[in-house]
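As they're listed, the protein sequences go chains A and B.
First residue of the first sequence? That's 1 in the numbering used here, and the numbers climb one at a time after it.
First residue of the second sequence? That's 1001 in the numbering used here, and the numbers climb one at a time after it.
Pulled a few chain A residues facing chain B out of the computed Cβ check, cut under 7 Å:
hint	residue
1	A45
2	A87
3	S89
4	G156
5	Y214
6	D324
Using 25 Å as the maximum straight-line C-alpha spacing, the simulated DSS-like pairs for lysine-lysine come out as follows:
hint	chain 1	residue 1	chain 2	residue 2
7	A	K228	B	K1264
8	A	K462	A	K228
9	B	K1320	A	K189
10	B	K1264	A	K208
11	A	K208	A	K228
12	B	K1320	A	K121
13	A	K126	B	K1320
14	B	K1418	A	K126
15	B	K1418	A	K121
16	B	K1320	A	K208
17	A	K228	B	K1320
18	A	K498	A	K462
If you're looking for bench data, these hints aren't it; they were derived computationally from the structure.
For every residue, glycine included, the Cβ atom is placed at its ideal position computed from N, Cα and C.
Here's the letter readout for the chains.
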Amino acid sequence: MTRPFQALCVSVTLAAAVSGGCVAPPSQPTAALAPIALPDLTRMAESVRTQIQARHSALTALIVRRTTPPLDLSNAYGDLGKLLLAAQSADVAEACFLNAQTLNPSNYRWPYYLAQLYRTKGEPRKAQPLLERTIQLHPEDVAARVWLGDIHLQLGRPDAAEPQFSQALSLQPNSLSARFGLGRAALAKNDYRGAVSYLEDVLARDPKAASAHYPLSLAYTALGETTKAADHLRQRANHEILPADPLMVEIEGLLESPQTYETQGIRALEREDWTGAAEQFRQGLALAPDSAALHHRLGSALSMMGHTDAARRQFEEAVRLSPDYFLSQYSLGVMLQADGRHRDAIERFAAAVRSRPIYTEARLRMASSLQRTRRTTEALAEYQQVLSGSAELTEARLGYAMSLVQLGRYREARDQLIAARQAGPDRSIFTHALARLLATAPDDRVRDGQRAMTLVQELLTKGRTVELGETMAMALAELGQFERAASVQRDLQATARKAGLANTVASRLRVNLQRYERLEPCRTPWTLEEMP
Amino acid sequence: MRVALSFVMLLVAAGCAADPVAPIPAASESAWFTDRAAASGLHFVHVNGASGRFFYPEILPPGVALFDYDNDGDLDVYVAQGHPLNPTPDPSAALPASTAPLTGRLYRNDLQVRADGTRDLHFTDVTEQSGIDARGYGLGVATGDIDNDGWVDLYLTNFGPCQMYRNNGDGTFTDVTRQSGTANQPGFAVSAAFVDYDRDGWLDLYVGNNVSYRLDNHTVCPNPAGVPDYCPPQIYGGRPDRLYRNQGQGRFLDVTAKALVGGKFGPALGVSTADFDGDGWMDIYVANDGEDNLLWLNQRDGTFAETGLAAGVAITAEGKPEASMGVDAADFDNDGDEDVVVAVLTGQGMNLFVNDGSARFRDASTASGVGAQSLPYTGWGTAWFDYDNDGWLDILSVNGTIIAQEGRTGQPFPYDQKKLLVRNLANGRFESVGSRAGAAFDLSESGRGAAFGDIDNDGDVDVLVANDRGPLRLLINEIGNRQHWIGLRLIGETGRDMLGARVAVVRKDGPTLWRRVRSDGSYGSANDPRVLVGLGMSTESPRLQVRWPDGRHEEWPAVPIDRWTTLKRGSGR
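Turn these sequences into a full structure, and let the hints guide you.
In structure tokens form, the structure reads like this:
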């Protein structure tokens, strides 16, 4: 950890130190300070290099003055340390913070930053006393307590972790990270009821705190509550629950580099601050105009602001700079798809999938556009590809069945829907699709009006939609009850008018009503527009 | 082995091939392991071609194999090699001085054991006469006898298509990639594993694919200060793994779509096969870099169900997927089931998943101390092995960062770390003992592949370590055989190592020890398929129960200790 400056800072003469980036401190009343040798700056962004050199020069000037009060010198070392920490030059940052701490032992920031530095390097035992020191100097520091609790958990000491999280919670009663810590500590102590209580509380306060689902599922499993365990397992996502940490937030935003602006912009996106995000990405692009990632992210922010054309231009610029930038290819595909330009959308999705073969969303979108352009066999293959990796994915199962319908393979479609209805979590979607197919399939061997009607009635107990009403009318017509079918269809027309549904729906309702009035059943399960 | 002395001559009698007892050599108290790579003729230096462009594959290799290709009773060595990836080579990018062409290398072990039990370990580079022409950008290697002819074959994973080499049984190999149907186009696999998942007596093949990287979609990932470095795999996205079913005689069929249903593939780096749920059918565990690990549970009908998350072995107890790289499965707590250890990134700490016997796992990384002791390291090759023959499996991981170390301006590839050795304290906890293990553990290098096996046939497990852009290291175990042991080779009727077979070492004076025949696990590497079981101070000859991969059981009433013995299927009772 302390290897670099001794090796590099051979000469401690001031002239050499200043010109070579190596600063030897003057004699101080306190213990000897470590010399600071700047890391190799040549590969850093120019803007960052300038920042670090300026901060280093300021420190050098204070050292040269020799009358600088220790507090000022401490701050200068600490300020340089913060920049270096942000630049991931941890070894030199460490020396800076140690000097800052030596010169001003009562400033809680320096042990805190040192602790974070050691934590990142996987040295929790070195971080622990520094966090304890931070808390001693700044007892109301919630972040320090949460991180200290975290370190105790890492070191297998849940009993020591618990009071840290508890105190953090008493200081900040809304703290999710403290509750999350208490939940994890309880889990580590096999106190499953306690874990459930804390972790459920986390999710009740913030349903987006999805990281809580997994430990909660473990706790429920241990309690034998398998349904709840499975439910939480399904909802699990990797969304870290971190303490509000103003000192580290300051570090994250210190460097004037494209990467910093990108990170800051992403943070703003997470806060749904679209304007702030766009501003950060623009600043990043000012430093790195050829960054496809920044163009894409700016496009995303603009899209969220409703500036579709501006967003499209950013996505186009991203793929111009980097044709393999699959996220922008996907975003452009989505925009084209929304405009009904399916052939162009297919090209974009195909490019995204070429670059990233397991990009499921892109493959599903591509399959949908292929269906709409009547390239059904290709769509079927794409759905099959998705299903080979994610067999339970509702969109893929439904799309696969719809493709079979489009190809006239009604029996296979029916069998697929029956299987999906039995296995899949979204049972009602498949039940409805099956009812529709049984009511309208052109294949006599597949059609079963009675069964279709039974399924419709099952669904009607859960809710009513125009689409379900259409299926009911179709089933009635199939059963020869044309008058009732026409009556249902007229009611649906009135509902659709009231709800202001699209013309395509009105037109479809009209065509089928005329059919029922002519005493003809429907033999078109889904129009092209209705396909998923 | 050129001069076959009596020590390793196999005497097949009543199903046992017994060797004379080898005296336990005196060893230095100060070194548990000593590096004998250069002294034994392993003058290999890996070339990753790094020239400052940060091509993603450069950070991954090389893997290494320990396997007895010439059936002379000792372990030979194969090591993957790279080359510059830059399409317009930078003349200033110096390559290490080496007389060998930049291809994967095969070294024959010419071990000599003298009458007094002392050994002369020497390797000869036989690549050119072997017919192996591995000019791809080599990443890893897997070993297994694909055609049941009793000669172990070689599968090479590359950045690009893989290669299958059939062992001709005369010291040469033939490239049968096309005929075998295992090219894994377009390829980018590191770890692969041979496993007879359908119990038909032929070794099938699981290939863990990494990312959808191509040189023309290459990108660089600068740190917050703008310093360029290698990208994480998520930039390129994972590529689906492949399962190849051996239809007989080494002709494989890609059955991925039919057999591996319902799993979201990730950037695979490690593969370990074992019967995790104890149903007698082999399952597959896949370590993914930064994404959920996979547990493919064998459904006994030619298909697998992916159950990693529900089984508690996909992510940590905190709910985080980690950067999983090396992996191994074994029974570290001697309770009869297969537990999993996974090497991960600095700051994450190795994952130790404890099996309850039914493929339900508990994350014991923290409680065991393994997590905390490994926090400073980014681990790659790793394995359960009993370095001190006390009957309890320990862990070694070879390490190296993926982010350049600062302050190494003069160093061409500043991604080095020391190795980690943790000792099983027989109570569910582990202690770090690397600082006592000798000078080889003080070396800071970019460790990647690691293969484990008894290279000098002296009754303890040695380790072959492959470094990215660095030399091979051969860590000879100097202390293991101070305690008693039994060495077992479990073979089928045709002489094939029966990967997946489990052996129970039943003792009167200690718990029954369960061990498995395996060449997979670790990272891009192939281990000694033989089983070496430490017995501590016990001098009792244990009873052995073997469960073969097809479910059959056999028993051997007493097997001599402190020697290698071959158990041939059908010769027990």
